[in-house]
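Work out the full structure, taking the sequences as your base and the hints as a guide.
In case you want the letters, here they are:
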Amino acid sequence: MDKNYMNIPAEKFKVATGRKLSDKKLATKPVGYFKDAMIRFSRNKSSVAASIIILFLFLYAIVVPYISNYNVEFRDGYYKMVLPRSKTFAFLGWDGCREQNEAQSGYDYLNSIGQEYGTSAVLKVNERYKDSNGIPFYKLYVDSYEKVGFVYADLSADEYQKLQKYQNDTGIQVIYPLPVYYKTNFVSVGSAANLWYELADETANTQGLSKYHADNGDPIYVPAYHTSSNKNRAQYDSLRIEGDNGGADGETWYTYAAKNQTGYRVRVLYKEYYNYKNGFYAQHLLGTNQHGQDIFACLAYGARLSFLLAISVSVINFFIGVIYGAVEGYYGGAVDLILERISDILASIPFIVVATLFKMHLADKVGPIVSLLFAFVLTGWIGIAHRVRTQFYRFKGQEYVLAARTLGASDSRLIFRHILPNSLGTIITSTVLIIPGVIFSESMLSFLGIISLETSGLTSIGTMLSNGQAYLSSFPHIILFPALFISLLEISFNLFGNGLRDAFNPSLRGADE
Amino acid sequence: MHKYVLKRIVLMIFTFFVITTICFILIKMLPLPTIKAMGRDAKLIEERRKMMGYDKPIMVQYLRYWKFLLQGNMGLGEQMYSSREVSEVMFTKLPYTVVVNLYSILIAIPLGLMFGIYAALRKNKWQDHVISTMVMFFISVPSYVYAFLVQYFLCYKTGWFPLTAATREQTTFFSWTMFHSMVPAIISLGFGTVAGLTRFTRAELSEVLTGDYLLLARTKGLTRSQAIVRHAMRNAMVPILPMILGEFVGILGGSFVIESIFGIPGIGSLFIQSINLRDYNFFMADTVFYTLVSLAAGLVIDLSYGFIDPRIKMGAR
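Which chain is which? The protein sequence lines are A and B, in order. Numbered by the numbering used here, the letters in the first sequence go through residues 1175 to 1687 in order. Numbered by the numbering used here, the letters in the second sequence go through residues 24 to 340 in order.
None of these hints come from the bench; they were simulated from the model. What you are looking at is a predicted structure, and each value in this text was computed from that prediction instead of being measured. Even glycine gets a Cβ: it sits at the ideal position worked out from N, Cα and C. Be careful, since some hints might not be right.
What the hints assert, rightly or not - Pulled a few chain A residues facing chain B out of the computed Cβ check, cut under 8 Å:
#	residue
1	1519
2	1523
3	1527
4	1647
What the hints assert, rightly or not - So the derived label-pair ranges between C-beta atoms look like this:
#	chain 1	residue 1	chain 2	residue 2	range
5	B	146	A	1234	35 to 45 Å
6	A	1222	B	82	55 to 65 Å
7	B	146	A	1275	45 to 55 Å
8	B	241	A	1582	48 to 58 Å
9	B	94	A	1623	30 to 40 Å
10	B	192	A	1661	33 to 43 Å
11	A	1232	B	52	37 to 47 Å
12	A	1236	B	53	31 to 41 Å
13	A	1180	B	52	54 to 64 Å
14	B	91	A	1362	54 to 64 Å
15	B	156	A	1205	23 to 33 Å
16	A	1486	B	44	25 to 35 Å
Below you can see the structure in the form of structure tokens.
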């Protein structure tokens, strides 16, 4: 018989069938380590809730850029700092309106907006009062969208004709008659195109005070439209506002456009003009910032950037940390000493210095995001490596490792098949916990302006925070939503991480680190 | 013991040396801000750069840097605080950072200890759950969010505190005006410290409370409070005190975000300014400073274990 046991050909082996196994069959399904951890995790209510919130925020970041009408590049010059408005939840006060204090001139100005087509930017006069000098003031409930009212638009002849055609097709009036003051450059009001009534003061720095007032102080608006004896002046042949059956004497007509060098200057109702240009009405769920960007969409873009950065950093750090820590812990001795020194030195460099140096050296070459990624990767893996190293010291002397080694398992097999799986729970937990750290650091760096992540098509949560900081007192909504978002994200991730740690390592429950 | 301390200090100096070297070389490799952009007499500045040895090879500059650094000279400001000594400017800025952080931890530490001890003694009762939930919340929420809330409610809405901190020109440090103007920053800094310390204290103390020797102390006839104060507290303090000491060293570092939001003219603002204006002497000096502070904090924490608890043999495996 051939005694060469070392090289038995494969065909000599056959599957042992027909032999009865004397083992007892398992009554229940076997539960592995990860399944066990899953069961423990799902019992932890707060962690489950946190993971649902994270999923929700993640979906928000992924989906919203596709379904939203807006993106980061969308900036509107007139709907700046409008307040959050939701059609469904308007009754909760989420209606894009708020109370503001105005003097008589402000009241006249705001109240006039929309009167031409039957509404008003002032929804309610909450209170009239007089200050110590007897000057009347108003507490007005103002719609921040309606407040924009009319603006002057300079159109080319073509655009002008197109807009008229649009008006005739839809029956929606966009162009309104020019007021007599259309040539005056009013400096003290929001939009000069809103001054369509007779003013008490017609100088350039008028505040919008109406010429006539009723006994109770309410303004009486007498239209001050520019008129012309030619009905078709500036070739306007479209909708006309009510009462435009000629001017005062029945022979003159309101002027709808003024010719200038490039085309026509017209006075347009901005909300309709916006719809004409964009195909939808302005509707900002979380309001807009000072650049007229939609916060709801920008936040999703910023969150997407944060998630992208944080997840790539944690994945990269996972691999570097595992390999580095495994080598340190497995080989020990001089290798460990040198590698530990290197990671010690890297860990001692203040992160802000690392981020700044990477930015200064690389931001122009590879872009700010990649340079930030490098900065995070440079030192971020040290925590994981440290953990892996500790775990390796714990396991590498154990009997099962010795047994595997005796059977001839190679170093890499021992490392990756036998020792590493034992510490996977801890490693996964610390990898997950890298994510909130990165998101926080990124927002802090871009908030401080050390890393600038603001370009025409890019924004980040930190950028949004620093944008909002200047308007904290007057328009807190700009800063509120990014701050709320990041707080929610950080809390959820920490809860989620804690849940993971407890699930993977029940003996550590309640302990910190 | 002495051997271990010495070893740690030597290692620290080595680390410090390597980091400063790397940073120095990386900073020197950056292009100097063009003279034109500074809008001053170009020739004069070029002259001065030459005098400071900017045209020499990096290695020569490096040796020169160390020579001056050991004399406490960190160069002159160029883009900002023109011609003033960097170290001098830093020393005028440092007190702001130290004062605001000192107030903050002086208030935060007793609170953190108190909450932590209370939570540990009421472990798994509703008081503990409330405190633990709050801690989770306050640890997770970024410090700038508190800063915005504090600024909005305490500065804008109620007007109780001024928007920015007072300066030394207006009043002295440790005066009431200074304290009052710094309250928003102190509060914003405090949340995180209190929460962190509470969590740590609770974890340490509740672990100690399960120890067998505490049971023994009770069996010997000590009341619960006696056992806790004499035995549990003393043992729980072993890891807590080093952490507190670390906090004290850490106050030199301060907080960039809080200084930036509340306009405190401290070291952090100086650092950000130096990045934005690209004044490399200030940048380098700040880097050296921060590295030193973080290394020192680590060293203090490490060594204090041995001093606090003689049972811990330093350096023993």
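message = Min Cβ distance, residue 1523/A to chain B: is it shorter than 8 Å?
response = holds (5 Å)
ask   = With a cut-off of 8 Å, does the beta carbon of residue 1527/A approach a beta carbon of chain B closely enough for the hint to hold?
value = holds (5 Å)
task = Note whether the CB distance of residue 146/B and residue 1275/A lies within 45 to 55 Å or breaks it.
result = holds (53 Å)
ask   = residue 91/B and residue 1362/A, beta-carbon distance inside 54 to 64 Å?
value = Taking Cβ atoms as reference, residue 91/B and residue 1362/A lie about 58 Å apart, which means the hint holds.
task = Kindly confirm whether 30 to 40 Å is satisfied by the beta carbon distance between residue 94/B and residue 1623/A.
result = Because 34 Å falls inside the window, the suggested range holds.
inquiry  = Assuming the hint says 54 to 64 Å, is it satisfied by the Cβ distance from residue 1180/A to residue 52/B or not?
reply    = holds (59 Å)
message = Can you tell me whether the CB distance of residue 1232/A to residue 52/B sits inside 37 to 47 Å?
response = holds (39 Å)
ask   = When you take the CB atoms of residue 192/B and residue 1661/A, is the distance between them in 33 to 43 Å?
value = holds (37 Å)
message = Does the beta carbon distance between residue 241/B and residue 1582/A stay inside 48 to 58 Å, or does it fall outside?
response = holds (56 Å)
message = Looking only at beta-carbon atoms, does the pair residue 156/B, residue 1205/A fall within the given range of 23 to 33 Å?
response = At roughly 31 Å between Cβ atoms, residue 1205/A and residue 156/B fall inside 23 to 33 Å, so the hint holds.
ask   = Any CB of chain B closer than 8 Å to the CB of residue 1647/A?
value = holds (4 Å)
query = Does the hinted range 55 to 65 Å hold for residue 1222/A and residue 82/B at CB?
reply = holds (59 Å)
Of the numbered hints given earlier, the model fails none.
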